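**Student:** My request is simple: use the sequences and hints to build the entire structure.
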Amino acid sequence: MIPGSAALEAVELTLRHRRRTLLDACSLRLPRGAVCGVVGPNGAGKSLLLSAAAGLVGPDSGRITVLGRPAGSAQALPAVGYLDQRRSLYRRMTVAELLATGRRTNVRWHQDRALELLGLGRVPLDARIGALSGGQRTLAALATVRGKAPQLMLLDEPLAELDPLVRRAVLGLLLADVADHGATVMLSTHILTDLDEVVDHLVLLDAGQVRLAGQLSELLTAHRFVDRDGSSVLVRRERPDAAAADADGPTLDELVVSYLHAPGPGRWLAPGMRPDAPHGALIA
Amino acid sequence: MEFRLRKGSGVPAYQQIVQQTQQALRVGTLRLGDKLPTAREVVAATAVNPNTVLRAYQELQRAGLVESRQGLGTFVVRTLGRAEGAATEELREELDAWVARAREHGLEREDVLALTASAVERLFQPSHSGNGEPA
Chain A
1145 MIPGSAALEA VELTLRHRRR TLLDACSLRL PRGAVCGVVG PNGAGKSLLL
1195 SAAAGLVGPD SGRITVLGRP AGSAQALPAV GYLDQRRSLY RRMTVAELLA
1245 TGRRTNVRWH QDRALELLGL GRVPLDARIG ALSGGQRTLA ALATVRGKAP
1295 QLMLLDEPLA ELDPLVRRAV LGLLLADVAD HGATVMLSTH ILTDLDEVVD
1345 HLVLLDAGQV RLAGQLSELL TAHRFVDRDG SSVLVRRERP DAAAADADGP
1395 TLDELVVSYL HAPGPGRWLA PGMRPDAPHG ALIA
Chain B
17 MEFRLRKGSG VPAYQQIVQQ TQQALRVGTL RLGDKLPTAR EVVAATAVNP
67 NTVLRAYQEL QRAGLVESRQ GLGTFVVRTL GRAEGAATEE LREELDAWVA
117 RAREHGLERE DVLALTASAV ERLFQPSHSG NGEPA
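So the sequence lines, in the order shown, correspond to chains A and B.
When you number the first sequence by the working numbering, it's gap-free, plus one each residue, and the end is 1428.
When you number the second sequence by the working numbering, it's gap-free, plus one each residue, and the end is 151.
No wet-lab data here; the hints were simulated from the structure.
Note that the structure is predicted; figures quoted are calculated from it, not measured.
Don't take each hint at face value.
What follows is a set of in silico ranges between Cβ atoms, one per label pair, in the way DEER data are often shown [stated by the list, open to error]: (1) B/Arg125 / A/Asp1307: 21 to 31 angstroms; (2) B/Glu18 / A/Val1251: 34 to 44 angstroms; (3) A/Phe1369 / B/Gln35: 25 to 35 angstroms; (4) B/Glu106 / A/Ile1335: 45 to 55 angstroms; (5) B/Ala135 / A/Val1377: 38 to 48 angstroms; (6) B/Ala118 / A/Thr1395: 29 to 39 angstroms; (7) A/Ser1375 / B/Leu48: 53 to 63 angstroms; (8) B/Glu18 / A/Asp1307: 40 to 50 angstroms; (9) B/Glu124 / A/Arg1248: 50 to 60 angstroms; (10) A/Arg1381 / B/Val43: 35 to 45 angstroms; (11) A/Ala1391 / B/Val43: 28 to 38 angstroms; (12) A/Gln1229 / B/Ala113: 55 to 65 angstroms.
Here are some chain A residues pointing at chain B (derived, C-beta under 8 angstroms) [what the hints assert, rightly or not]: (13) Val1179; (14) Asp1270; (15) Arg1312; (16) Leu1315; (17) Gly1316; (18) Leu1317; (19) Leu1319; (20) Ala1320; (21) Ala1323; (22) Thr1337; (23) Glu1341; (24) Val1342; (25) Val1343; (26) Asp1344; (27) Asp1350.
Note that beta-carbon positions come from the ideal geometry of N, C-alpha and C, so glycine has one too.
**Tutor:** Shown next as structure tokens:
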């Protein structure tokens, strides 16, 4: 990997299917070590952005790099772990066979990390994938991601089918990887409360466009509510104000909702997530 | 020590970590030289962002309560309050007995907390309340 490069960088990334533009000139830059939530309504392009970063779909125009290499390239793939939304696994394989495949097909393989994840849901190793519950299948798929010890984890709705206790334990393990190895996590979700105290970066997509992207603290302190014609409207501050943010700043929820509903502040890419931002590691 | 963090409680997680550490320093469950859990341990147990733990530890360090030693961890270098010594021990025993009695009388956790909080409010003058603790 190229040291000092961003975990992910997209410049004017555009993806079309037939006549529809599914990702529309998306630009963003995610520093290494970030934990980034990808949110937005159904069909916003969350899954597509993640699969483009995984290299499964190539851009029609623009570019996307991960860890300084083109997404999907032979140099990038070993360091990237991808959990797809459908948890595509061979249904007839047992969990043990799945892990053996992981060990065989990856340059590095950490069986202990994979087993640790499976243990959270008491997933039996001799069970066939097809016989697992939805939540257990998610854990099995996540185990193959974590077993790779990837520097970048691209996780499409990783928590969707997990019960609250397992959800917290899974997040705990993924965040521990961030603390231990400086891994970068990008996870999509529909449920904003899942992101509370978990993410430090946020990307809001809507209709294939990046509406909002930045470090969470930066986003929250850069906005405030003002009274306009008797109703409360979210506007951008002229300069971020952490001290005042508690009084008139938005919550994560309010921020996202305000951007999705007009009349909102429109689009904003916080300075730290613009592709031309100076390189450097995170840890605020 | 183990942090018990409640998300969605309105109190940011980093503040909860700071407060719980201060509390532990006050009652003596954390003593001079004790090591705080590593960021990794806190993160794995509570599923909060690693930066949140680091931020809390930095704040505790700025307050002169802990010190981070490169590669070793974060250690207590100062305790809080006067929660040490024989008099405190006796007070704690009395309080334990009082809380136990309150429970026997059917009071809930919140009732007990409200009662003690109101007694503290009433009996401590405002000038005594600051006690050098960061806001």
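**Student:** Taking the earlier hints as the rules, which of them does this structure contradict?
**Tutor:** 8, 14 and 27
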